[in-house]
Amino acid sequence: MTHPNQSILALYAGRDLGWFTRRRTERHLSRCRECRDELQAFAAARDNLVALGDLPAISWNRLAIEMKANIRLGLAAGECVGAARPANRFAPFAMLSNARALAACASVMALVTAGLVLQRPTPIAPPAMARQGSVLRATANGIELNQDGQTLSLLQPRSHDVAYSAGAQGSMQAGYVDSDTGNVTINNLYVQ
Amino acid sequence: MSSKFAILFVAAATALCAQETPPNNSVKINLPQDSPLTLISTDLGDSHVSQRGSAVVLDLDVALTLHNSSPNRVRGVTLLVAAQEVTPGGKASVSVPSLDVAPNQNFPVRINLRLLRPAQMGGGPLVQVNLDGVLFQDYSFYGPNRLDSRRTMTAWEMEAQRDRKYFKSVLAARGMEGLKQVMLESLNRQAERPRLDVQVSRGRAVTSAAVGDHSARFAFLRFPGEPVEPVEGWAEIAGNEARNPRIDVRNVSSKQVRSVEIDWIVTDRQGKQYVAGSVPASGPEFNLKAGATSRVLQDTALRLSRLPNDGGAPLSIAGMTGFVGQVEFADGKVWIPNRESLANAQLLGILEASPEEQRLMDLYRKKGPKALADELGKF
Chain E
-13 MTHPNQSILA
-3 LYAGRDLGWF
7 TRRRTERHLS
17 RCRECRDELQ
27 AFAAARDNLV
37 ALGDLPAISW
47 NRLAIEMKAN
57 IRLGLAAGEC
67 VGAARPANRF
77 APFAMLSNAR
87 ALAACASVMA
97 LVTAGLVLQR
107 PTPIAPPAMA
117 RQGSVLRATA
127 NGIELNQDGQ
137 TLSLLQPRSH
147 DVAYSAGAQG
157 SMQAGYVDSD
167 TGNVTINNLY
177 VQ
Chain W
2 MSSKFAILFV
12 AAATALCAQE
22 TPPNNSVKIN
32 LPQDSPLTLI
42 STDLGDSHVS
52 QRGSAVVLDL
62 DVALTLHNSS
72 PNRVRGVTLL
82 VAAQEVTPGG
92 KASVSVPSLD
102 VAPNQNFPVR
112 INLRLLRPAQ
122 MGGGPLVQVN
132 LDGVLFQDYS
142 FYGPNRLDSR
152 RTMTAWEMEA
162 QRDRKYFKSV
172 LAARGMEGLK
182 QVMLESLNRQ
192 AERPRLDVQV
202 SRGRAVTSAA
212 VGDHSARFAF
222 LRFPGEPVEP
232 VEGWAEIAGN
242 EARNPRIDVR
252 NVSSKQVRSV
262 EIDWIVTDRQ
272 GKQYVAGSVP
282 ASGPEFNLKA
292 GATSRVLQDT
302 ALRLSRLPND
312 GGAPLSIAGM
322 TGFVGQVEFA
332 DGKVWIPNRE
342 SLANAQLLGI
352 LEASPEEQRL
362 MDLYRKKGPK
372 ALADELGKF
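If you read the protein sequences in the order shown, they are chains E and W.
Taken in order, the first sequence gives residues -13 to 178; the numbers are from my numbering.
Taken in order, the second sequence gives residues 2 to 380; the numbers are from my numbering.
FYI, nobody ran anything at the bench for these hints, they're computed from the structure.
Backbone N, C-alpha and C define an ideal beta-carbon position, used for all residues, glycine too.
It is possible that part of the hints are untrue.
Not close to chain W: a few residues of chain E, all C-beta gaps over 10 Å, as computed [stated by the list, open to error]:
| # | residue |
| --- | --- |
| 1 | Q133 |
| 2 | D147 |
| 3 | L175 |
Listed next, the stretches of chain W that the computed footprint assigns to chain E, with coverage defined by at least 3 CB atoms under 8 Å from CB atoms of chain E [unchecked claim]:
| # | stretch |
| --- | --- |
| 4 | 97 to 109 |
| 5 | 192 to 201 |
| 6 | 278 to 289 |
| 7 | 296 to 304 |
| 8 | 360 to 370 |
In isolation and in its complexed conformation, chain E is listed as follows (with noise of 0.2 Å):
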């Protein structure tokens, strides 16, 4: 003899099943003590349940309005690490990608640079002095002036031995020999 299963009887005690079911079911329970008891026991378990009805009464809606916005918040964290994780495995090769895009921006800037200087040499740059000022000084071919980048320089190109000396009023002294004429020449420079 073939028994209903557990789900059959189970609808059976709470009247859920379909008419042909049903009556093959009563007729199998008519002659079966053992599924009889097993169908008691799904009662009584009904019968359990009717009485958690008398629970106090719960919001279903609220409960329902709290549970999507936990599923809402479940699925923005998610995003937010799904969105994470790939800029992490790829981190590596977008460093590498700027430093590639710096160094080709590095290497035409210094092409241009290159280009210009040879096909026309940068001005000889003014000393950070003369942004201060006016200054005066020795160089290694003579005295020198600098005013807000422009020069003005007296020199002594045919001698080796030149005595300078500063004057406080804002001068600048070369004397030398000139090897040509072997006179004396004394080069002088004032700042006012």
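Mind docking chain W on chain E? Use the hints.
For chain W alone, coordinates are given in the frame of chain E:
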């Protein structure tokens, strides 16, 4: 290898082609109508103009031939060189002291000058050369004297007379060997003279650092017979920078003084002494009557460093010494310390040689003691 030479040749040729001869009107020589000197010729020699980026470099190698059309022997000339368009606040001068140009003689003056200026500037002469003064054998003077060249040339001439007198006395007392010996001593002194790299900045501090800024007091050397005495003086010291020297001086002579120049020596931490410069005072505002006291004051900063071949390090200033190097009286006469005073103060090894001593040393080095003795015998 040949391709390298070819490249070098092409580069050199290109560089040469980039240089141009400056136009003749780039330099203008102005001599007054009544000038005792006449311009015979102007030779621009190796002068050239070259482009450096957006700037123009003008290298002027000007050889002037001047003629002494006065009845007096010329002892010195100062030319005022102005490039106002390039450096409006600056000017230059070229002086030739220790001359002995007879009337109707020609003599050369060379001006080697370099200008770095923007390319887009107006036309006209870039450099104007004017006569600032001529000093004659009798100390008479001609010229507008805008650069106070009367005083400086008179002082150079007095130093020349002082040093010639010294070498002539040695020659007379000790003969040619004695002259050779003192000349070698002079050459050694100048070769071993401690030198500094000095930068001058006018009106404001060269550096902004005020750390360690303090006022330092001058110690003074006194010479017998000096007409002006230094009383006291200070300068502001910050590291290797000395600023705003101010020195009180008293006229102890019976004559009115028109200008004073104090020579300024600095001492480093090791006790080595160097000439830093000079502190002059002149002009209408400085008028020192007999017995009066006045202040020599300059709004300047000197930055002192060792020479590049000595490491180029900034000099740590440990002390300052001053002495009166020049006094000009109201009548135009000039006082300078005598050689004995300088020797006694052990200043000969610190100070630079006078222009005339430089010339005599050069003559001795190139032509020997006989030529030097002949030169000393001329005047």
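Consistency of the hints with the structure:
1. Q133: Incorrect as stated: the minimum Cβ-Cβ distance to chain W is 5 Å, not above 10 Å.
2. D147: violated, 7 Å
3. L175: violated, 5 Å
4. 97 to 109: Coverage by chain E holds for the stretch 97 to 109 of chain W (6 residues, Cβ < 8 Å).
5. 192 to 201: holds (count 5)
6. 278 to 289: holds (count 4)
7. 296 to 304: holds (count 3)
8. 360 to 370: holds (count 3)
Hints 1, 2 and 3, counting from the list given before, are not met by this structure.
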